[in-house]
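Asker: Sequence:
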Amino acid sequence: MGSRLMNQKREAAELGRIRTGYSRPNPDPDKGPIPVKSKTFVLTSHSRAYIEQAAKLYGGQVEQWTPQRSTIPQWRVITAAAELRAILPAGDPLHQYNEKWSGGGCERRCDGVTEKLSGKPCVCLARFGEQWHQRPATQVCRPTSRIGVFLPDMPDLGVWRLETKSHYAADVLAGGLDTVLQATEGKGLMPVRMWIEQRTRVVDGKTKQFQVVMVVPSLPKLRHALSGPISTAAALDPASLDRPAIAAAPAEWPNYLAEARDCRTADAVIAVWHKATNAGHGSDELLTDLKAIADAIAAGVDPSTGEIHDDQDDELGPDADGAYDVEVIDDEPDGEEAPAAWPPVAQPGTGARA
1 MGSRLMNQKR EAAELGRIRT GYSRPNPDPD KGPIPVKSKT FVLTSHSRAY IEQAAKLYGG
61 QVEQWTPQRS TIPQWRVITA AAELRAILPA GDPLHQYNEK WSGGGCERRC DGVTEKLSGK
121 PCVCLARFGE QWHQRPATQV CRPTSRIGVF LPDMPDLGVW RLETKSHYAA DVLAGGLDTV
181 LQATEGKGLM PVRMWIEQRT RVVDGKTKQF QVVMVVPSLP KLRHALSGPI STAAALDPAS
241 LDRPAIAAAP AEWPNYLAEA RDCRTADAVI AVWHKATNAG HGSDELLTDL KAIADAIAAG
301 VDPSTGEIHD DQDDELGPDA DGAYDVEVID DEPDGEEAPA AWPPVAQPGT GARA
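The numbering used here numbers the first residue of the sequence shown as 1 and each following residue consecutively.
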């Protein structure tokens, strides 16, 4: 067995990003690109093949694109999809920090109490108080939420990282995921629906428009989300959780069909049927199969091989004068009971059982 570095996160490979906005060129060449809030998801990746597949699945045009503060071109598609179906990996997939970035990289990364890069108390809280997040992004950190999800209809095994820098989205994401993690303990995959929701909020008499990404379990019923981990198969096909299970015949049941094929008379096959019904194993399907075997035996056909018994054909044939031997059989021979007749077979769709 291999060994691992204990201080590594061991996260799945990141195949691309899921974004809720993009930028367009500024008509003023002296100013930077204009940010645009997208009503649909934007997928970006270093791999053109991934983005081409995303365009086929979710709509949109494939285009080459270079992120701000980067010289490395990537590929992106502004999709037509306002909703995505995804799967949360096991564990806690949400990472949140208050971050401030500049051309030199990340200047501050804070958990709301301690600034991680310097080890000092939260700078924004100390300087601007509880409502620091209402300050311009040039002055304070931005609440940054990142969550990695699987897109089951995309190629290859890896996560797509959703990133949002909204204070309100951070609360929505954390609250929804914590409810699910409380039920599953992060021990299994969870299918989810993600969509972009436009919201408004009145602050100091001013209406603020913002958007959040909703991430909710995609399951037939709420009880499925709160009843513990689900299987990988159920995560890929959530509707299967609400389908009735198909009961299979227990392995210890006798093989009535094999027993019937070893019979030499139709009456013996009828006896097999009654044995099955007395044991509670009778069904319309079994009855139909046993009757077919009995009919084959009566016609002189070996049900196991399909061969015709010539000696039986000779005994039943006419003599040289064209006459048939006639054997008279009493209705109820002494000391024996007449074999029971076949029960009627239920017609398809009636639901009747023999």
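Where hints are given, some of them may not hold.
Simulated DEER-style distance windows between Cβ atoms [unchecked claim]:
#1 90 - 64: 28 to 38 angstroms
#2 231 - 59: 24 to 34 angstroms
#3 227 - 107: 42 to 52 angstroms
#4 25 - 233: 43 to 53 angstroms
#5 231 - 107: 40 to 50 angstroms
#6 174 - 227: 14 to 24 angstroms
#7 207 - 128: 49 to 59 angstroms
#8 257 - 48: 53 to 63 angstroms
#9 203 - 146: 24 to 34 angstroms
#10 26 - 107: 23 to 33 angstroms
#11 128 - 13: 36 to 46 angstroms
#12 117 - 71: 22 to 32 angstroms
In silico lysine-lysine, BS3-like type, Cα no more than 30 angstroms apart, as pairs [said to hold, decoys possible]:
#13 116 - 100
#14 187 - 100
#15 165 - 100
To be clear, the hints were calculated from the coordinates, so they are not data collected in a lab. The structure presented is a predicted model; accordingly, all values stated were derived computationally and were not measured. Beta carbons are placed, not taken as given, at the ideal position from N, Cα and C, and that holds for glycine.
Asker: Which of the listed hints are broken here?
Answerer: 7, 14
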